[in-house]
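**Q** Sequence:
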Amino acid sequence: MASYNKVILMGNLTRDPELRYTQGANSTAVCKVGLAVNRRYKNQQGEWVEKPTFVDVTIFGNRGEAFEKYHRKGATAFVEGRLELDTWEDKNSGQKRSKLYVIAENWEFAGGGRAEGGGGGGGGRRDSDQGGGWGSQGGGGGSQGGGSRGGEEGYGDYGAQPAGDSFEDTPF
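Residue numbers (the numbering used here): 73 to 244.
By construction, these hints were calculated from the structure, which means they are not laboratory data.
Below, in silico cross-link-like pairs of lysine to aspartate or glutamate (DMTMM-like), each with a Cα-Cα straight-line distance of 25 angstroms or less:
| # | residue 1 | residue 2 |
| --- | --- | --- |
| 1 | K145 | E177 |
| 2 | K171 | E152 |
| 3 | K78 | D128 |
| 4 | K168 | D158 |
| 5 | K78 | D158 |
| 6 | K168 | D128 |
| 7 | K171 | D128 |
| 8 | K171 | E161 |
| 9 | K163 | D128 |
| 10 | K78 | E90 |
| 11 | K171 | D158 |
| 12 | K78 | E156 |
Could you put together the complete structure from these sequences and hints?
**A** As structure tokens, this is what we get:
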């Protein structure tokens, strides 16, 4: 039987990204993020209600480093990845425990810019060996880089370039 494991989420960070590295000669960056995704619906009284779902997300490698650099608590983020289940035995009680979380394979900026206040977007590549997101809000994307940069001369109509950031500083 065929299987398909794909998750696409957009929400707000519940905390600052936490970046750590694995041990050993070939250490890998591991970025852990909390994401709140709201479901908005009308209740029986006709009032709008928001119900949050809290999701833990893990991003590895260059993508994780770039995510940590450009995101802070409260920022909106778009992630694409897969579900993963960890199981273990609790050391204190001996009970079996489990946790379902998302391994992000791609991400991009969303919702009007970075937490530091500037605009901007993810990178344009969708190559699993490259860091950063792919495509982006406001156009851009594609296989040659692009992304959501611009508003200033030389950037076309791809969005607004963050103040003090140059295109060459983009980590992906």
